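Just so we're on the same page, my numbering is the position in the sequence shown counted from 1, plus 278.
Note that these hints are calculated values from the structure, not bench results. Remember, it's a predicted structure, so these values are computed and weren't measured experimentally. Don't take every hint at face value.
DSS-like mimics (lysine-lysine), calculated; alpha carbons at most 30 Å apart, straight line [stated by the list, open to error]:
id : residue 1 : residue 2
1  : K318      : K355
2  : K305      : K355
3  : K295      : K359
4  : K318      : K333
5  : K295      : K355
6  : K295      : K305
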Amino acid sequence: METKNIGLRGIEVADTKISNIDGERGKLIYRGFDILDLTKNSTFEETSYLLLYDKLPTKRELNEFNAKLVEARYIPKQMQKNMANWRGDADPMDMLQAFVSALAGYYDEEFSNKDASIEKAINLISKVPTIIASWQRIRNGLEIIDPDSSLSHAANFLYMT
């Protein structure tokens, strides 16, 4: 009898220093930290910093990182107008894919070095919740709410939805 490997079971898709999965023990490790420890002891912003910079941030680094996240939250007004033209019943994942791709047309950024890649990642970390919240409001017939720079990343997402 021939054995078939369905899906990705047993298939190594990429080597990475960012995460490790130990399926036998039920462990997910980010940059050497057990995900359960991170969920109990770190904020979303601290964990994002860890994934990007390979270490947990100091207080000063976290403050600077948070400032970058806040600054990058806004999406172009033209993008908001384009969203309003989509059918309200359009699949949210299709919408997200389209508008994340569309961001490339608004910014002159490149992946030429690690710093540029990190800036692009910060931009996505910040803008994806804004895109999702904007779409949620549009499809429910509500006006888009701009991000509030006084709120944390998660609190801002809840505020905008």
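Checked against the structure, which of the hints given earlier come out wrong?
1, 2, 3, 5
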